[in-house]
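Protein chains: 2
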Amino acid sequence: MAGSISLVEGGTVTTPQGFQAGATFAGLKTYAEDKLDLGIIFSEAPCTAAGVFTTNSIRSPSVTVCQENLAKGPVRGLIVNAGIANACVGDQGYKDAQQASLLASGHLGVRPEEMLVCSTGVIGVELPMSLIEAGIEKIQLSGDGGHDLARAMMTTDTRPKEIAVSFEIDGKQAHIGGVTKGSGMIHPNMATMLAFVTTDAAVEQGFLKSTLSDVADISFNMTTIDGDTSTNDSFIVMANGMVGNQPITEGSSGAETFKQALKEVCIHLAREMARDGEGATRLIVVEVEGARDTADARKAARTVASSNLVKAAVYGADPNWGRLMMALGRSGAEVDEAKVDLFINGVCIMQEGRPIPFHRDAVVALMRSPEVTFGLHLNLGEGRATAWGCDLTEQYVIINSAYTT
Amino acid sequence: MAGSISLVEGGTVTTPQGFQAGATFAGLKTYAEDKLDLGIIFSEAPCTAAGVFTTNSIRSPSVTVCQENLAKGPVRGLIVNAGIANACVGDQGYKDAQQASLLASGHLGVRPEEMLVCSTGVIGVELPMSLIEAGIEKIQLSGDGGHDLARAMMTTDTRPKEIAVSFEIDGKQAHIGGVTKGSGMIHPNMATMLAFVTTDAAVEQGFLKSTLSDVADISFNMTTIDGDTSTNDSFIVMANGMVGNQPITEGSSGAETFKQALKEVCIHLAREMARDGEGATRLIVVEVEGARDTADARKAARTVASSNLVKAAVYGADPNWGRLMMALGRSGAEVDEAKVDLFINGVCIMQEGRPIPFHRDAVVALMRSPEVTFGLHLNLGEGRATAWGCDLTEQYVIINSAYTT
Numbered sequence: 448m449a450g451s452i453s454l455v456e457g458g459t460v461t462t463p464q465g466f467q468a469g470a471t472f473a474g475l476k477t478y479a480e481d482k483l484d485l486g487i488i489f490s491e492a493p494c495t496a497a498g499v500f501t502t503n504s505i506r507s508p509s510v511t512v513c514q515e516n517l518a519k520g521p522v523r524g525l526i527v528n529a530g531i532a533n534a535c536v537g538d539q540g541y542k543d544a545q546q547a548s549l550l551a552s553g554h555l556g557v558r559p560e561e562m563l564v565c566s567t568g569v570i571g572v573e574l575p576m577s578l579i580e581a582g583i584e585k586i587q588l589s590g591d592g593g594h595d596l597a598r599a600m601m602t603t604d605t606r607p608k609e610i611a612v613s614f615e616i617d618g619k620q621a622h623i624g625g626v627t628k629g630s631g632m633i634h635p636n637m638a639t640m641l642a643f644v645t646t647d648a649a650v651e652q653g654f655l656k657s658t659l660s661d662v663a664d665i666s667f668n669m670t671t672i673d674g675d676t677s678t679n680d681s682f683i684v685m686a687n688g689m690v691g692n693q694p695i696t697e698g699s700s701g702a703e704t705f706k707q708a709l710k711e712v713c714i715h716l717a718r719e720m721a722r723d724g725e726g727a728t729r730l731i732v733v734e735v736e737g738a739r740d741t742a743d744a745r746k747a748a749r750t751v752a753s754s755n756l757v758k759a760a761v762y763g764a765d766p767n768w769g770r771l772m773m774a775l776g777r778s779g780a781e782v783d784e785a786k787v788d789l790f791i792n793g794v795c796i797m798q799e800g801r802p803i804p805f806h807r808d809a810v811v812a813l814m815r816s817p818e819v820t821f822g823l824h825l826n827l828g829e830g831r832a833t834a835w836g837c838d839l840t841e842q843y844v845i846i847n848s849a850y851t852t
Numbered sequence: 448m449a450g451s452i453s454l455v456e457g458g459t460v461t462t463p464q465g466f467q468a469g470a471t472f473a474g475l476k477t478y479a480e481d482k483l484d485l486g487i488i489f490s491e492a493p494c495t496a497a498g499v500f501t502t503n504s505i506r507s508p509s510v511t512v513c514q515e516n517l518a519k520g521p522v523r524g525l526i527v528n529a530g531i532a533n534a535c536v537g538d539q540g541y542k543d544a545q546q547a548s549l550l551a552s553g554h555l556g557v558r559p560e561e562m563l564v565c566s567t568g569v570i571g572v573e574l575p576m577s578l579i580e581a582g583i584e585k586i587q588l589s590g591d592g593g594h595d596l597a598r599a600m601m602t603t604d605t606r607p608k609e610i611a612v613s614f615e616i617d618g619k620q621a622h623i624g625g626v627t628k629g630s631g632m633i634h635p636n637m638a639t640m641l642a643f644v645t646t647d648a649a650v651e652q653g654f655l656k657s658t659l660s661d662v663a664d665i666s667f668n669m670t671t672i673d674g675d676t677s678t679n680d681s682f683i684v685m686a687n688g689m690v691g692n693q694p695i696t697e698g699s700s701g702a703e704t705f706k707q708a709l710k711e712v713c714i715h716l717a718r719e720m721a722r723d724g725e726g727a728t729r730l731i732v733v734e735v736e737g738a739r740d741t742a743d744a745r746k747a748a749r750t751v752a753s754s755n756l757v758k759a760a761v762y763g764a765d766p767n768w769g770r771l772m773m774a775l776g777r778s779g780a781e782v783d784e785a786k787v788d789l790f791i792n793g794v795c796i797m798q799e800g801r802p803i804p805f806h807r808d809a810v811v812a813l814m815r816s817p818e819v820t821f822g823l824h825l826n827l828g829e830g831r832a833t834a835w836g837c838d839l840t841e842q843y844v845i846i847n848s849a850y851t852t
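Those protein sequence lines, which keep their order, are chains A and B. Going by this note's numbering, the first residue of the first sequence is number 448, and it counts up by one from there. Going by this note's numbering, the first residue of the second sequence is number 448, and it counts up by one from there.
Derived from the structure by calculation, the hints contain no laboratory data. Treat the hints with caution; some may be incorrect.
[Unchecked claim] Taking lysine-lysine pairs in the BS3-like style, the calculated list, with each CA pair at most 25 Å apart, reads:
| # | chain 1 | residue 1 | chain 2 | residue 2 |
| --- | --- | --- | --- | --- |
| 1 | A | K542 | B | K786 |
| 2 | B | K542 | A | K786 |
| 3 | A | K710 | A | K656 |
| 4 | B | K482 | B | K585 |
Quick caveat, the model's predicted, so the values are computed rather than measured.
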């Protein structure tokens with residue numbers, strides 16, 4: 448059973464003990480208002496760490512360097528840049544990612560393999576290493592630098608997305624802090640999403656890795672903005688153990704609480720990422736119940752949340768539930784039309800496959816809320832899943848038709 | 448080897464001998480300017496017929512009735528309505544579809560199972576059968592009624608899409624005519640697409656069926672507008688044999704010419720459907736070469752053509768080729784980044800995975816054409832495929848955020 452978990456007001460990745468962060472404007476993110484574009488997270492003590500990364504077969508060499516360095520043992524931190532994705536630039540990309548970890552580690556007095564490297568932004572442009580080198584020199588780390596770091600990761604995000612929670616372990620107060628950026632090119636299986644989670648709890652490597660993967664599957668991997676999966680998606684957790692607890696392992700007393708706290712942090716970040724999707728005015732929550740199994744529930748929830756027609760209907764506050772049925776039907780999940788119940792923000796719209804009369808104006812008014820929840824009960828089994836998305840607006844089109852020009 | 452195939456100026460589904468068509472306003476399509484909304488195609492002689500239908504597991508009972516009637520033997524024609532999809536209405540939908548074929552066949556003096564039924568439009572609303580009954584009575588069939596029929600199928604289409612070609616078989620002049628409607632909810636594996644093809648050639652049933660399926664795979668199934676697959680997609684071919692040729696069979700002398708003519712008709716209709724996608728200003732053509740195999744080439748072409756980010760870049764005439772690479776990478780096709788060559792309207796943008804300098808203004812100017820072609824050479828094998836799509840515009844969002852309201 449999980450112990451109690453509290454939200455830390457104004458919390459971020461530097462809320463856990465021993466984590467510092469800082470950011471600067473290196474000159475990469477010239478298109479956004481917020482000009483911070485290069486940041487570092489650093490831990491005073493070596494961290495057990497794990498990551499999950501994009502499934503796109505075209506991937507940034509920054510991702511490759513992260514994977515290599517994670518395999519080499521504990522890490523001390525990461526350097527992240529926004530503005531340039533360091534993807535599709537040939538062999539130079541790998542050299543640049545290695546160089547970035549070398550420069551950051553030199554600045555911090557640690558070994559290069561202890562620094563991870565993350566990039567997000569435009570594809571096909573080389574990292575200007577002289578700007579990055581100069582930028583690293585300017586970065587001042589501090590125990591409350593998490594907010595600046597969160598801003599420095601943003602591309603078309605309209606606001607930073609961060610959270611921290613606290614919980615007790617071995618009678619000591621531990622924390623998990625998290626930060627993410629998203630906005631476009633976001634779809635299940637990791638997107639142009641970067642998410643970093645820090646904790647001052649000690650966590651055994653194998654448990655951290657498997658928990659990370661489980662939690663990614665019910666949080667970031669259930670978020671969709673435009674169906675496009677980026678070359679750079681990375682979700683990294685670093686645990687520095689500064690709380691001094693017995694390292695948490697599978698089945699140990701703190702395991703459930705830790706997992707629950709990590710889940711709360713990641714679901715919060717995933718929801719905020721969907722809510723702040725490019726051009727979005729509303730968060731879409733798709734809750735599937737009664738699917739044949741979890742895999743079916745996930746497929747159904749993700750397909751409905753990512754349907755352009757569903758997303759456009761939400762933008763128009765239009766209870767065009769036929770589109771939910773269409774998307775459900777093409778999801779690949781087993782569906783028996785005659786068993787399906789549909790709900791929009793709790794109002795039953797269809798029961799056992801038949802539309803039932805509803806007060807249209809009331810449902811339209813409900814759909815004008817900042818959050819629209821679709822309930823899909825398939826009544827075939829025990830599978831359930833939730834996906835998060837956002838509406839499709841003219842603004843999405845405007846943002847994405849003039850991104851590099 | 449295929450014989451020569453000529454375009455028939457102003458051709459449509461009534462160009463082949465013995466086909467008549469007509470349409471009326473029954474009162475179903477109240478949201479569009481063009482008020483024709485109910486049409487019939489009728490053949491003076493019984494037709495060998497075949498169809499391919501939506502793969503959505505939620506499907507209109509109109510589709511079910513088509514499939515049942517096709518299995519019963521030759522058909523004489525079809526009745527089609529726009530405005531209401533006859534989908535997600537419980538058991539009543541099947542009764543209504545049967546009733547529509549009964550009413551149409553009574554009007555025409557044929558058996559109910561000889562009339563197919565197709566519907567397109569809003570999901571979740573029952574067909575108003577009294578309007579349909581009254582509408583059928585008003586329909587006047589004629590040998591040049593194909594154009595009216597094409598208008599009566601339209602929903603958010605901005606123009607009818609039709610074509611006819613002629614070719615010689617057994618020394619006689621035969622024809623194939625085709626009509627389609629598309630616009631939204633269009634994606635590989637049949638969409639809210641209806642496509643009807645007529646021919647006065649005699650074609651053996653088995654050959655017609657397999658040819659139909661082959662041709663669908665390289666035409667309509669390679670068309671994508673918004674990634675959403677409808678509940679009603681139907682592609683139906685009717686061959687009345689009035690030319691008096693020996694029925695065409697696999698390997699017979701006219702088989703190649705017939706298949707080539709059908710292919711030309713369907714690719715024309717598929718392209719026109721993509722070009723007239725909801726809100727579209729440009730046709731996107733994605734030509735994949737050198738994929739490991741055809742399946743990979745198809746996946747790659749379809750994924751790139753349906754990526755929201757690629758579509759938005761095309762709208763902005765923005766040569767943001769990184770998005771092509773992202774979409775290619777997530778397509779599931781085997782990709783070796785270091786081998787990929789990319790072309791935009793013939794201009795090489797990337798060679799062996801490295802961006803090469805190009806004259807940006809010239810490429811932007813090229814992308815302002817009504818048609819943008821992306822060439823993706825994977826250099827891994829012999830697989831090739833072409834997909835058609837359209838750009839993503841504010842107008843798409845506007846149309847689809849206020850469709851039923």
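Evaluated hints:
no., hint, in the structure
1, A:K542 to B:K786, "holds (19 Å)"
2, B:K542 to A:K786, "holds (19 Å)"
3, A:K710 to A:K656, "holds (14 Å)"
4, B:K482 to B:K585, "holds (14 Å)"
Violated hints for the displayed structure: none, as all numbered hints are satisfied.
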